[in-house]
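If you want the building blocks of each chain, they are given just below.
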Amino acid sequence: MFDISLPALAAQVFTGLVLGGIFVLLAIGLSLIFGLMTVVNFSHGALYMLGAYLGFMLLGLTGSFWAALVLAPLLVGAFGLVIERFLIRPLYGRSPDDPLLLTFGLSLVLVEVARLIWGKIGLTLDPPKALDGAVNLGFTAFPLYRLFVIAVTIVVLIALWLFLEKTNVGLIIRAGSRDPLMVRALGFDVGRIWFLVFGIGTALAGLAGILAGPMRGAYAEMGVTIIIESFVVVVVGGMGSLLGAIVSGLLIGQVVSLTTFFAPKLAEIMVFVTMAVVLLVRPSGLFGEAGLME
Amino acid sequence: MKTLGRHPILVFFLVFLAFPWVVPYKSLATQVLIYGLLALGFNLLYGYTGLLSFGAAAYWGLGAYGAGLTLAKLKLASLWAALGMGLCAATVGGTVIGFFCLRRRGIYFAMLTLAFAQLLYFVGFHLADVTGGDDGLRGITVPPLVLPGLTIPLDTSITFYYFTLALVVLAVAGLTRILDSPFGALLQAIRENSDRAAACGYDINRVKLLSFVFSSLFMGLAGALDALRLTVVPIESLHWSTSGQVVIMTLLGGAGTFFGPFVGAAAYLVLEDRISVFTESWPLVIGAIFMTFVLFLPKGIWGTLLARLNASRAPGRVS
Chain H
10 MFDISLPALA
20 AQVFTGLVLG
30 GIFVLLAIGL
40 SLIFGLMTVV
50 NFSHGALYML
60 GAYLGFMLLG
70 LTGSFWAALV
80 LAPLLVGAFG
90 LVIERFLIRP
100 LYGRSPDDPL
110 LLTFGLSLVL
120 VEVARLIWGK
130 IGLTLDPPKA
140 LDGAVNLGFT
150 AFPLYRLFVI
160 AVTIVVLIAL
170 WLFLEKTNVG
180 LIIRAGSRDP
190 LMVRALGFDV
200 GRIWFLVFGI
210 GTALAGLAGI
220 LAGPMRGAYA
230 EMGVTIIIES
240 FVVVVVGGMG
250 SLLGAIVSGL
260 LIGQVVSLTT
270 FFAPKLAEIM
280 VFVTMAVVLL
290 VRPSGLFGEA
300 GLME
Chain R
18 MKTLGRHPIL
28 VFFLVFLAFP
38 WVVPYKSLAT
48 QVLIYGLLAL
58 GFNLLYGYTG
68 LLSFGAAAYW
78 GLGAYGAGLT
88 LAKLKLASLW
98 AALGMGLCAA
108 TVGGTVIGFF
118 CLRRRGIYFA
128 MLTLAFAQLL
138 YFVGFHLADV
148 TGGDDGLRGI
158 TVPPLVLPGL
168 TIPLDTSITF
178 YYFTLALVVL
188 AVAGLTRILD
198 SPFGALLQAI
208 RENSDRAAAC
218 GYDINRVKLL
228 SFVFSSLFMG
238 LAGALDALRL
248 TVVPIESLHW
258 STSGQVVIMT
268 LLGGAGTFFG
278 PFVGAAAYLV
288 LEDRISVFTE
298 SWPLVIGAIF
308 MTFVLFLPKG
318 IWGTLLARLN
328 ASRAPGRVS
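The listed protein sequences derive, respectively, from chains H and R.
Here the first sequence stands for residues 10 to 303, numbered as in my numbering.
Here the second sequence stands for residues 18 to 336, numbered as in my numbering.
Everything labelled a hint here was simulated from the structure, so no lab data went into it.
Every residue, glycine too, gets a C-beta built ideally from N, C-alpha and C.
There could be a bad hint or two in this list.
Computed cross-link-like contacts, SDA-like style, restricted to lysine to any residue with a CA-CA straight-line distance of at most 25 Å [to be verified]:
#1 Lys129/H - Ser298/R
#2 Lys316/R - Leu100/H
#3 Lys274/H - Val294/R
#4 Lys274/H - Ala145/R
#5 Lys274/H - His143/R
#6 Lys316/R - Arg103/H
#7 Lys274/H - Ala20/H
#8 Lys129/H - Phe139/R
#9 Lys129/H - Val294/R
If we take Cβ atoms under 10 Å as the criterion, some of the chain H residues that face chain R in the derived model are [claimed, not checked]:
#10 Arg103
#11 Asp107
#12 Pro108
#13 Phe113
#14 Leu117
#15 Val165
#16 Lys175
#17 Val233
#18 Phe240
#19 Ala276
#20 Val282
#21 Ser293
#22 Gly294
Assemble the whole structure, with the sequences as input and the hints as a guide.
Structure (C-alpha cells):
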C-alpha cells in the first residue's frame with residue numbers, strides 16, 4: 010500500500026509535535042481568555058503575527074535572539090493590555106458577539122499595519138547559533154531549534170499550571186471562570202483579573218509567534234489561517250478547558266503532520282473533518298462540559 | 018410620503034431603479050445589489066435570529082460554483098438552470114453545515130460556521146480539476162434571459178442590472194413574507210430569549226436550522242448572480258474574508274433592520290471604490306471604521322437613522 014519508512018514517519022510525528030506546541034500555546038491563550046471573560050479574541054492570530062515581527066525587530070535591535078524571545082511576548086502582552094483596557098472593556102455587558110466583532114476589525118487593521126511597516130514580502134528569522142543544526146534522535150536527525158520549541162512549550166505550560174494551581178491569583182482566576190459574580194461578591198475586582206488574563210493570553214500568542222518565526226518566517230498573513238485552526242483546536246478540546254486545549258492542540262498537530270505525510274492535499278481538510286467527527290460524537294468537545302458558557 | 022412608508026418594497030424598487038445613475042459606474046450598482054442580497058441573507062440569521070455566522074462565504078461560494086459549473090462545465094446554456102443549481106448547492110450545503118453548527122450554541126456557533134466555510138475553501142482549492150482551483154472557475158458565458166415569449170440578452174451592464182434588480186426585489190418580498198409570518202416572529206423570539214422560546218414549546222433547533230437554510234438560500238442566490246456578473250468564480254469567494262466582508266456590511270448598515278444590509282453594502286462598496294484611488298490600505302480604513310461602529314454605533318447607519326425617526330413616530334413593521 011504505502012511505502013512507509015519508519016524513520017521518516019517518526020520525524021513527521023516530531024514535526025507534528027512542534028506544530029502541536031504552537032497550536033497549544035495559541036489555543037491556551039484563547040481558551041483562558043474565553044473561559045474567564047467569554048470573549049473570543051479574533052485578533053489572536055494578528056497578535057501571533059505581531060510576535061514574530063516584533064521578534065524580528067528586537068533581534069535586529071539587540072542582536073540577541075534570547076532577548077527577543079523574552080521581550081517580544083512581553084510587548085505583545087502589553088499591547089494586549091491596551092486592547093483590553095480601551096477596546097474590550099467598553100463592551101462588557103453587551104452581547105458576547107460584540108468583542109468577537111471588534112477584535113475581527115482589529116485583526117484587519119493590524120495585518121494592514123504590519124504590511125505598511127514591514128512590507129508585503131515575508132521576512133526570515135534566523136534561529137540563534139546555539140540552536141543551529143540538527144540532533145541525532147537515533148532514528149532520524151531532527152533540527153535542534155524545533156526540539157527547543159517543544160521544550161519551551163513544555164516549560165511555559167508547567168509555569169502556567171503552577172501559576173493557576175498554586176498561587177492566590179491563580180485561584181481567583183479559576184474561581185472567576187466558574188462564577189465571576191461570586192468572586193465579585195467576595196470583594197475581588199474581577200475587572201483587574203480579566204485585564205491580567207487578557208495580557209497573559211495575548212503574551213502567549215506573541216510567544217507562539219516568535220517561536221514560529223524561525224521555522225515559518227514572518228509575514229503579515231501568517232495569523233490568518235492559524236487563527237481558524239486554533240479555533241478548531243479550542244472547539245475540539247472543549248472551550249475553556251486548558252487540558253482540552255493541550256490534548257487537542259497536540260492531536261490537531263499530529264493530524265496535520267501525518268496527513269501531510271500520506272496525502273499532502275488533504276492536510277488542511279482533515280483538520281476540519283476531525284472537528285466534525287468530534288462534534289458528532291462529543292458536541293461539547295473532548296474535555297468540555299455540556300452547557301458550560303453557552 | 019405616508020403611502021410610500023406603507024410600501025417599503027415599492028420604495029426600495031424605485032430607489033434602485035434610479036441607483037445606477039447615482040453611482041460612479043453601472044457595474045458598481047449591480048455589485049451593491051448583489052452584496053446587499055448577500056447581507057440580507059446573513060441578516061436573517063444574525064439580525065433576526067441572533068446567530069452570528071462567520072461562514073457566509075460557504076453559501077455564497079456554493080451558489081457561485083453551482084451556477085458557474087452548470088454554465089462552464091455542464092455546458093447547460095440556461096440561465097434558470099444555472100441559478101437553480103446555485104440555489105440547490107447553497108441549500109444543501111446550508112442544511113448539512115447548519116446541522117453541525119447548530120449542535121453548539123452561542124459563540125461556538127460563530128467559530129464553527131467559520132471552520133466549515135474554511136473546509137469548503139480548501140476543498141475548492143484542491144479540487145482544481147472541477148473548480149479551477151487557485152485560478153478560479155473560468156469559461157462562464159451568460160445565456161440570455163428566456164421568459165415565455167421573450168428572450169432578452171443580458172450582455173450589457175444595464176440589462177444585467179435590471180435583471181438582478183428584478184430577482185432581488187423578489188427576494189426582498191420573499192423575506193418580508195418570512196419575517197411577517199408567525200415563523201418570523203418566532204425567529205425574533207429566539208433572538209431575544211431562546212430559553213423562553215423553548216419553554217413555550219417550540220422546537221427551537223428546528224426553527225434555527227430552517228432560518229439557517231433560508232439564509233443560505235438568499236446568500237446562494239447572491240453568489241449565483243455574482244458568478245454571472247463576473248463570468249468567473251474566484252476561489253476567494255469561498256475564503257473567509259468574504260464572510261468578514263458581509264459581517265462588516267451588515268453591521269455598517271444596521272443588523273436587524275430590513276434595509277440596513279443594502280445601506281451597508283452601498284456604503285462599503287462605494288467607500289471602497291473611492292478610497293482605493295488614494296491608498297492600497299483599504300482593510301486598514303474599513304477595519305477602523307468597523308471598530309468605531311461596534312464601539313459607538315452598534316445600530317449601524319440605517320438602524321441609527323430609524324431610531325431617530327422612531328423617536329417621533331410609531332415603529333413600522335418592515336423598517
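Hint by hint, here is what the structure shows:
1. Lys129/H - Ser298/R: Cα-Cα ~12 Å, so holds.
2. Lys316/R - Leu100/H: holds, 14 Å
3. Lys274/H - Val294/R: Violated. Lys274/H to Val294/R sits at ~38 Å, over the 25 Å cutoff.
4. Lys274/H - Ala145/R: holds, 11 Å
5. Lys274/H - His143/R: Since the Cα atoms of Lys274/H and His143/R sit roughly 7 Å apart, the hinted pair holds (cutoff 25 Å).
6. Lys316/R - Arg103/H: holds, 13 Å
7. Lys274/H - Ala20/H: holds, 19 Å
8. Lys129/H - Phe139/R: holds, 23 Å
9. Lys129/H - Val294/R: OK: Lys129/H and Val294/R at ~19 Å, within 25 Å.
10. Arg103: holds, 7 Å
11. Asp107: Where the cut-off is 10 Å and the nearest Cβ of chain R is about 6 Å from Asp107/H, the hint holds.
12. Pro108: holds, 9 Å
13. Phe113: Holds. Min distance 6 Å.
14. Leu117: At 3 Å from the nearest chain R Cβ, Leu117/H passes the 10 Å test, so the hint holds.
15. Val165: Since the shortest Cβ distance to chain R is 24 Å, the answer is violated.
16. Lys175: violated, 30 Å
17. Val233: holds, 8 Å
18. Phe240: holds, 4 Å
19. Ala276: Constraint on Ala276/H satisfied, holds at 9 Å.
20. Val282: Constraint on Val282/H satisfied, holds at 8 Å.
21. Ser293: This interface hint holds because 8 Å falls under the 10 Å limit.
22. Gly294: holds, 9 Å
Figure legend: structure checked against the earlier numbered hints; hints not met, in rising order: 3, 15 and 16.
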